[in-house]
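S.K.: Chain order of the listed sequences is Z and U. Residues in the first sequence are numbered from 72 upward in steps of one, following my numbering. Residues in the second sequence are numbered from 45 upward in steps of one, following my numbering.
Because the hints were derived from the structure by calculation, they are not lab data. Backbone N, C-alpha and C define an ideal beta-carbon position, used for all residues, glycine too. Treat the hints with caution; some may be incorrect.
[Said to hold, decoys possible] On the chain Z side, residues computed to face chain U include the following (Cβ under 7 Å):
#1 Y75
#2 M81
#3 Q84
#4 V87
#5 P112
#6 V115
#7 G159
#8 Y310
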Amino acid sequence: MEIYLPIAEMSVQWLVILGMGAAVGFLSGMFGVGGGFLLTPLLVFYGIPSSVAVATTSSHLTASSMSGAITQWRKRAVDFKMAGVMLGGGLLGSIVGVWLFAILRKAGQIDLVVSAGYMILLSTVGGLMLNESVHALRASQSGASAARRSTGHHSWIHGLPFKLRFRESRLYVSVIPPVLLGFAVGVLSAIMGVGGGFILVPAMIYILRMPTNVVMGTSLVQIIAVTALTTILQATRNYTVDAMLAIFLIVGGVIGAQYGVRVAARLRGEQLRLLLALLVLAVAGRLLFGLVAMPDDPFAVALGSP
Amino acid sequence: MRKLFAALAALAVVLCAPVRAEDLVSGISQDVIEITSNYTGSDIVVFGAIERPVDSGTRDVVVVVRGPDTDVTVRKKARVAGLWINSDQAILKGMPSYYFIASTRPVAQIASTYTLKNFGLGLANLEPSSYHSHHDVEPFRAALVRRMQREALYTETSTSVEFLSETLFRVRVPVPASVARGKYDVDVYLFRNGNAVSAQTTPLFVDQTGLERRLFNFAHAEPFIYGVSTVLLAVLLGWISSLLFRQNL
């Protein structure tokens with residue numbers, strides 16, 4: 072069965088769209104990442120114009136993150152205070168990001184900056200996580216209890232001013248690192264069109280040292296806010312949000328997200344981190360391939376003039 | 045004697061020409077294509093008849109369907125330090141978003157390149173109204189044509205004109221689901237010995253109807269409310285799903 076998308080102005084198989092939404096939703100629920108870095112390329116590969124794909128993906132992220140976040144919230148695994156602090160930086164970051172995006176597009180190399188930036192970021196994050204999770208798994212297998220989060224551990228972060236107590240995260244830290252983190256994610260999400268969960272999750276685990284189970288829910292809350300804002304901005308500026316496409320992606324996505332949360336509940340933290348590390352590295356590998364492999368056609372066609 | 049013969053011949057030409065001139069009438073099976081939620085592409089039929097046919101010489105029929113013009117940016121990648129990056133680009137203005145041409149013979153055999161370029165007949169003779177490029181635009185234009193052919197938005201065929209009788213013909217024109225909305229021109233040309241002796245243009249409209257139309261209008265007329273509604277829909281669906289799945293966690 073095919074369905075016509077009024078904004079993308081094309082017909083698609085709705086089952087394929089539903090399936091893509093479900094697969095990405097599953098990962099979203101499981102890892103607390105939005106999955107935009109997977110869904111947008113999938114939609115573009117299916118033939119949907121990239122402007123519509125980027126814009127509509129953000130509404131899918133809102134829904135699947137909502138679904139996952141409510142489930143996490145029932146388990147008391149959301150640190151709203153932390154999410155709010157990060158969001159403050161995040162909103163500022165997206166404004167700066169939109170401005171940067173315009174400059175890069177004028178220079179004509181936005182594609183390269185996006186792919187190369189993604190690739191470097193993903194392989195760094197993925198590599199660090201893989202290394203850490205493998206060590207943690209080894210340690211737990213060798214009999215000794217897995218290296219516990221050292222609450223008394225002091226780093227430079229604890230020397231910063233403006234400290235706040237985050238009860239759900241069992242942390243007493245300065246607000247500067249979370250605000251900067253939110254800001255960085257806001258910039259990235261505006262430039263690359265993603266929620267930023269795949270950066271946020273590792274950063275919350277390794278830099279802020281939040282407990283893994285709280286990280287997922289908190290990240291999802293942050294993603295809801297960022298993607299809701301992006302959807303409205305895209306709809307008002309570019310008219311590129313396709314509600315018909317969004318419905319099918321969302322229905323698939325929210326169902327997938329529910330199963331993702333369930334699977335995540337059965338896995339241990341380090342196993343989850345290992346899987347996310349592998350996923351992130353796989354996407355980085357795909358991007359690297361796209362940059363160095365000989366293209367089928369050296370010419371790329373885009374409707375409209377920049 | 046010779047003079048008289050020449051005079052008679054001239055007279056014959058003058059008298060007979062308006063009567064004997066070949067002409068063309070054509071029409072299309074539908075003048076509006078309505079895109080609905082289950083639109084997966086369709087065919088329109090362009091038909092025509094040659095009036096007052098002349099038997100001598102070569103006669104060719106060319107049918108062209110041309111969609112609304114659009115601007116296209118074509119970028120060329122080149123290898124720099126091991127990476128494939130965009131190195132060059134051309135902006136082609138006024139290229140058709142859809143182009144279909146069917147002729148009784150390959151167009152290059154029908155008329156001179158000058159004539160073909162003049163009428164924009166054939167994919168090789170399809171040119172932008174203007175362009176911005178630092179280099180030769182042809183490779184970029186050819187790349188665009190290749191890409192559009194892959195997506196079935198550009199078609200050139202010399203086997204689709206079906207003659208039902210000596211003078212009656214029809215052409216089936218496939219209109220894929222990804223066509224742009226707007227006004228299309230259906231042009232039917234009659235060529236005789238390489239010259240266009242008759243041409244007829246019929247407009248064809250492609251538009252959305254029903255829910256799709258209302259969604260499209262909503263998105264453009266009230267973009268802020270449309271965006272907010274999409275977000276609310278997303279939030280609502282996310283919330284409903286977590287309720288539905290609540291019991292079996």
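S.K.: Run every hint past the structure and note whether it holds.
M.R.: Hint by hint, here is what the structure shows:
Using the Cβ-Cβ criterion of 7 Å, the hint placing Z/Y75 at the interface with chain U is satisfied: the shortest such distance is roughly 5 Å. This hint holds: Z/M81 has a C-beta 4 Å from the nearest C-beta of chain U, less than the 7 Å allowed. Residue-level restraint check for Z/Q84 is violated (minimum Cβ-Cβ distance to chain U is 10 Å; threshold 7 Å). Evaluation of the Z/V87 hint against chain U yields a violated restraint, the C-beta minimum of about 14 Å exceeding 7 Å.
Violation of the interface hint for Z/P112 is found here, the shortest Cβ-Cβ separation to chain U being roughly 16 Å, above the 7 Å cut-off. The beta carbon of Z/V115 is not positioned within 7 Å of any beta carbon in chain U (closest approach about 14 Å), and the interface hint is therefore violated. Checking Z/G159 against chain U by beta carbon gives a least distance of about 20 Å; that is not within 7 Å, so the hint is violated. This hint holds: Z/Y310 has a C-beta 6 Å from the nearest C-beta of chain U, less than the 7 Å allowed.
Violation of the numbered hints given earlier is confined to hints 3, 4, 5, 6, 7; the remaining hints are satisfied by the structure.
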